[in-house]
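Asks: So the chains spell out like this:
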Amino acid sequence: MPSASSGHQLVPHPLVCANCGTRQPAGPTAICPECVGPLEPLYPTDRIFPTREQISTRPQSLWRYREWLPFTGEPTLSLDSGCTPLVDAPALATRLGLGRVWLKNDAVSHPSLSFKDRVVAAAINAAVALGLDTVGCASTGNLANAVAAQAARAGLPAWIFIPHDLEVGKVVGTAIYGPHLVRVRGTYDDVNRLCAQLADRYGWGIVNLNLRSYYGEGSKTVAFEIAEQLGWRAPSAVVVPMAGGSLLTKIHKGFKEFREAGLVTGDAPRLFGAQAAGCAPIVNLVEQGGEQIEPVRPDTIARSIAIGSPADGLFAARAIRESGGWAAAATDAEIVAAIRLLAETSGIFAETAGGATVAATQALVKQGKLGAEDEVVLCITGNGLKTIEAVQGSLAESPVINARVKEVAALVGKVDPTKLATTRILDTQTLAGQSA
Amino acid sequence: MAITISLPTVLARLADGQATLEAWGTTVGEAVAGVATRYPELAPRLRDATGNPYPFVTFYLNDEDIRFRGGFAAKVEDGDEVTVVAAVAGG
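The listed protein sequences correspond, in order, to chains A and B. Position one of the first sequence corresponds to residue 1 (this note's numbering), numbered consecutively onward. Position one of the second sequence corresponds to residue 1 (this note's numbering), numbered consecutively onward.
Just so you know, the hints here were simulated from the structure itself, not pulled from any lab data. Computed from a prediction, not measured in an experiment: that's the story for all the values here. It cannot be assumed that every hint is accurate.
What the hints assert, rightly or not - So these bits of chain B aren't anywhere near chain A, every CB distance computed over 12 Å:
#, residue
1, ALA2
2, THR4
3, ALA12
4, ASP16
5, GLU22
6, TRP24
7, GLY34
8, ALA36
9, ARG38
10, TYR39
11, PRO40
12, THR58
13, ALA73
14, ASP80
As the list claims (entries may be wrong) - Some but not every residue of chain A turned toward chain B, in silico, with C-beta under 7 Å:
#, residue
15, ALA26
16, GLY27
17, ALA30
18, ILE31
19, GLY37
20, LEU198
21, ASP200
22, LEU209
23, ARG212
24, PRO295
25, ALA311
26, LYS414
Heads up, the beta-carbon is just placed ideally off N, CA and C, and yes, glycines get one too.
Let the sequences and hints guide you as you build the complete structure.
Replies: Next comes the structure, spelled out in structure tokens:
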């Protein structure tokens, strides 16, 4: 990978408290020892930013934006994550009543089919650079998949903690990589509390707890990629699913950093947050105002975003307000319908968080927050094959037939003639008359 | 009521290095108030200026977030365990 710092060992940046400004050396801690506030990476003030042209010649991975990631030197692991497609979706735009829609398709993220590959790519490099020999996470599923996959190929042991009743795809999609996978009775919030205590007890790199300062920065690359893929500009709006609230907060930061670097001109995008109605503490905060998250007990099929006590919820709500955006929640039924709408109009099969994003967009259009004048990017953060339970019951049962042409002809005859465009070259009556 | 309060390492150093403290009271708030009096340096990391839970930590009473049980007004019984955890989370 060409770089001004080529050949240099990877060194994580020091940290600074977002609340009180106390500085800390680089390390596996995300908590300020003075005020217990969140630590953020402290970037050098003399950073030299690349030009658009320089970035465009770099390899297709999130490391092409490395000056905005919290390290100096060269990453050694997970060099293939990032640079997912930005898909134009005109049929979906028409159905939603929007001027234009693009889908940021992290459903095909490498290596584990969700945006969590981005944050884990940052965290696992930090773990190795900090000399940690074991990684782990508390997860609603996608992070478990990403940590297990990336730890396996890095040769690191992983301890992964998930709610006991996650979808089969999330469980199998973690266990297959051979980590220490532990299913905890309770919700994600229970798992998170346990892991906070474990991070305090063992010397593990729990990626979303004591490595969180480095981990979170990986999410900024969603914004960087959207800007570059649109020709170095921002859309008018971005809709983002919200769990802990970090992704939206970091997308906000990413667009801000690219504007400050002069890589993107024009207005910043309005940011819109999406949650499931059965777990919508951040939407509640946006709608009701105030500065304090009221936790909820999650009750939704959208397990990947079912965090009842989102630690970055306040920061996400602030980013939404500052950008001029808004937030909306979708019922489980709306989420399922939206997964199907997305698939049928764009060819992208999203997990439940993607359904929440599309359904929330529909709600935001109804509310007049988004409209025909908008060019909107919807963040599709995970793959639908991970959560097939959510939609399986909503789909018509496929017919089972013998291998006879006349049995197909009988089925074709039942189809609405207006939907038979592809059979124009054939005469269905002739088909029906053929001997099988 | 005699209960225990468990602290993360980052806060234990403000309580003479003790990760587990004994405390007394009929509510979480009363027990925390007693600890705050005994360890003045720890006090502002448990309660904010208005006496409410400090925003960067979460209190659990026997594994349940006290915000679901009335906050500091949550009743405690002998042997209960209160766990203080830094408020960091993400899916």
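Asks: Against this structure, judge whether each hint is valid.
Replies: Here's how the hints hold up against the structure:
no.	hint	in the structure
1	ALA2	holds, 22 Å
2	THR4	holds, 14 Å
3	ALA12	violated, 9 Å
4	ASP16	holds, 16 Å
5	GLU22	holds, 19 Å
6	TRP24	holds, 24 Å
7	GLY34	holds, 20 Å
8	ALA36	holds, 15 Å
9	ARG38	holds, 19 Å
10	TYR39	holds, 15 Å
11	PRO40	holds, 16 Å
12	THR58	violated, 7 Å
13	ALA73	holds, 16 Å
14	ASP80	holds, 16 Å
15	ALA26	violated, 17 Å
16	GLY27	violated, 12 Å
17	ALA30	holds, 6 Å
18	ILE31	holds, 5 Å
19	GLY37	holds, 5 Å
20	LEU198	violated, 11 Å
21	ASP200	holds, 5 Å
22	LEU209	holds, 6 Å
23	ARG212	holds, 6 Å
24	PRO295	holds, 5 Å
25	ALA311	holds, 4 Å
26	LYS414	violated, 44 Å
Hint check: violations occur at hints 3, 12, 15, 16, 20 and 26; the rest are consistent with the structure.
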